[in-house]
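Residue numbers (our numbering), protein chains in the order written: chain E, 366 to 691; chain B, 449 to 497.
Keep in mind that the hints were calculated from the coordinates and are not lab data.
Treat the hints with caution; some may be incorrect.
[To be verified] Which chain E residues face chain B? A few, computed with CB under 7 Å, are given here:
hint : residue
1    : ILE568
2    : LYS582
3    : THR583
4    : ALA586
5    : PRO589
6    : LYS665
[Claimed, not checked] Taking lysine-lysine and the DSS-like style, the derived pairs with C-alpha atoms no more than 27 Å apart in a straight line are:
hint : chain 1 : residue 1 : chain 2 : residue 2
7    : E       : LYS689    : E       : LYS376
8    : B       : LYS454    : E       : LYS665
9    : E       : LYS391    : E       : LYS689
10   : E       : LYS539    : B       : LYS486
11   : E       : LYS689    : E       : LYS644
12   : E       : LYS665    : E       : LYS502
13   : E       : LYS644    : E       : LYS687
14   : E       : LYS687    : B       : LYS486
15   : B       : LYS486    : E       : LYS644
16   : E       : LYS376    : E       : LYS560
17   : E       : LYS665    : E       : LYS644
18   : E       : LYS376    : E       : LYS582
19   : B       : LYS454    : E       : LYS689
20   : E       : LYS560    : E       : LYS582
21   : E       : LYS539    : E       : LYS560
22   : E       : LYS560    : B       : LYS454
23   : E       : LYS376    : E       : LYS502
24   : E       : LYS502    : B       : LYS454
25   : E       : LYS665    : E       : LYS376
26   : E       : LYS391    : E       : LYS582
27   : E       : LYS644    : E       : LYS502
[As the list claims (entries may be wrong)] Just some of the chain E residues that point at chain B, by a computed CB distance under 7 Å:
hint : residue
28   : ALA448
29   : TRP452
30   : PHE459
31   : VAL463
32   : LEU554
33   : VAL556
34   : VAL557
35   : LEU592
This structure is a prediction, so every number in the text was calculated from the model and none was measured.
Built from N, CA and C at the ideal position, the CB exists for glycine as well.
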Amino acid sequence: MSKGGKKPPQKIVEKVREAEVHKRMKFWWIRRVVQLSSFTLFNAGIWGLGPWPIILPILVYFDSSTKTVTGSFELLEYMLSEAVMPWIALASIFLFAVLFGRVTCGWICPLGFIQDMLTHLRIGRWQPSLRTHNSLKTVKYGVLLIVLLITGSIAVTTVSNPASGQQLKDSLGKVGQGPYSSMCPLGTLFVVIPKLPSAWERILPPAGDLTYDSFTKTLPALLPPILILRLIVLLAFLVGSIYLPRFWCLYVCPLGALMALISRFSFLGLRRDPVRCTKCRDCIERCPMRVRILDLPFEKFNDPECILCLDCRDACQLDAIKLKAP
Amino acid sequence: MEILEKRVVASLIFLVGLTMLALGFHFGQIADVVRFLKTTFEATTAGIP
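Between the sequences and the hints, there should be enough to build the whole structure, so can you do that?
See the structure below:
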């Protein structure tokens with residue numbers, strides 16, 4: 366209502382009514398349903414489904430006997446370590462990123478879903494300064510570079526000299542098959558930890574024979590360095606995700622880094638209506654990826670960090686943010 | 449970068465992606481994917497003693 370008691374212009378009334386209609390349709394719960402369905406479907410091997418030859422740019426490091434789809438990045442690592450050019454894995458990343466941006470990160474990635482659930486615990490919130498945030502964002506590109514250097518050097522060595530390549534791969538152990546996969550918190554959480562009790566049972570002497578000396582002797586076998594490292598990474602993931610939304614996607618995920626390089630040119634993006642937008646900053650405060658929406662061009666924006674979760678659209682009271690394609 | 453320029457770059461990336469997909473099919477990599485899914489991925493279980 367205007368200050369002078371006059372009726373607001375019909376155009377504004379219409380806009381507010383339209384906004385109220387849109388307010389009823391929130392995307393967050395649709396996203397949760399999609400995330401939960403994908404999470405279940407990608408691990409549907411438990412019920413004897415799959416595997417299907419579907420390659421998606423997501424992180425699905427479940428036990429391979431239960432997963433139904435392949436993650437592009439794990440396939441890329443695997444193929445490179447086998448000295449095969451990963452055309453199909455790269456094609457999946459390029460096509461998804463250019464057509465839909467990082468929508469797979471926001472809507473179907475199991476790791477993203479777990480992070481969203483952890484953030485819902487609302488134990489605390491840590492908001493790094495913009496400078497720290499911008500510096501930390503580059504870490505994921507470093508992770509990507511390290512992974513590509515390790516797998517790439519195995520591939521090049523294998524092609525030039527198969528015996529040396531195999532030797533290099535063996536010397537790296539399981540890390541050689543997938544430097545990132547062997548550290549991924551999803552694998553640690555859903556595969557390694559559930560299998561640990563039975564593995565430890567095999568190593569430990571029977572309860573009657575267990576002494577301090579026998580326990581200390583078996584300790585290096587019980588907790589190999591790679592396991593300790595995995596547990597530290599998992600702990601960092603859990604704590605980070607509780608205190609900071611999408612911590613892993615923002616700062617660590619190498620697939621996210623690869624997708625971010627391409628998704629800035631994506632056909633699918635968002636647009637901000639400059640007439641409706643009051644620059645209230647609700648969208649920026651709600652964005653889990655800390656995209657500075659108001660600094661981006663209004664006609665169409667594809668921020669490399671944007672995962673198209675549409676939380677900004679849900680947060681906007683005046684329905685100023687909409688999907689835009691192409 | 450203007451929207452039009454971005455669209456041109458996106459179209460080129462899309463073509464590159466399609467070429468990679470065609471190369472993947474040509475080299476029979478879909479069979480590799482299924483084989484990869486069926487065999488145990490040891491890196492996932494790395495760390496289990």
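Cut-off 7 Å, beta-carbon criterion: hint that ALA586 of chain E touches chain B
ALA586 of chain E check passes; min Cβ-Cβ to chain B is 5 Å, inside 7 Å.
For the pair supplied as a hint, LYS376 of chain E and LYS560 of chain E, is the alpha-carbon distance within the 27 Å limit?
violated (63 Å)
If you take the shortest Cβ to Cβ gap from ILE568 of chain E to chain B, is it below 7 Å?
holds (6 Å)
Holds or violated: LYS665 of chain E with LYS376 of chain E, Cα cutoff 27 Å?
Holds, at about 24 Å.
Do the alpha carbons of LYS391 of chain E and LYS582 of chain E lie within 27 Å of each other, as the hint requires?
Given pair LYS391 of chain E, LYS582 of chain E is violated - Cα atoms ~57 Å apart, limit 27 Å.
When you check the alpha-carbon spacing of LYS454 of chain B and LYS665 of chain E, does it fall within 27 Å?
With Cα atoms ~11 Å apart, LYS454 of chain B and LYS665 of chain E stay inside 27 Å; holds.
Can the restraint linking LYS376 of chain E and LYS502 of chain E be considered satisfied, given a maximum Cα separation of 27 Å?
violated (42 Å)
Need the status of pair LYS539 of chain E, LYS486 of chain B: alpha-carbon distance at most 27 Å?
Measuring from Cα to Cα gives roughly 18 Å; hence the hint holds.
Holds or violated: LYS560 of chain E with LYS454 of chain B, Cα cutoff 27 Å?
At roughly 48 Å apart (the allowed maximum being 27 Å), LYS454 of chain B and LYS560 of chain E break the hint.
Starting from LYS539 of chain E, check that the Cα of LYS560 of chain E is at most 27 Å away, please.
Roughly 17 Å separates the two Cα atoms, so the pair holds.
Given hint LYS687 of chain E paired with LYS644 of chain E - CA-CA distance at most 27 Å:
Given pair LYS644 of chain E, LYS687 of chain E holds - Cα atoms ~15 Å apart, limit 27 Å.
Taking 7 Å as the limit, does the beta-carbon of VAL463 of chain E come near enough to a beta-carbon in chain B?
holds (4 Å)
Of the numbered hints given earlier, the model fails hints 2, 3, 14, 15, 16, 18, 22, 23, 26, 28, 32; all others are met.
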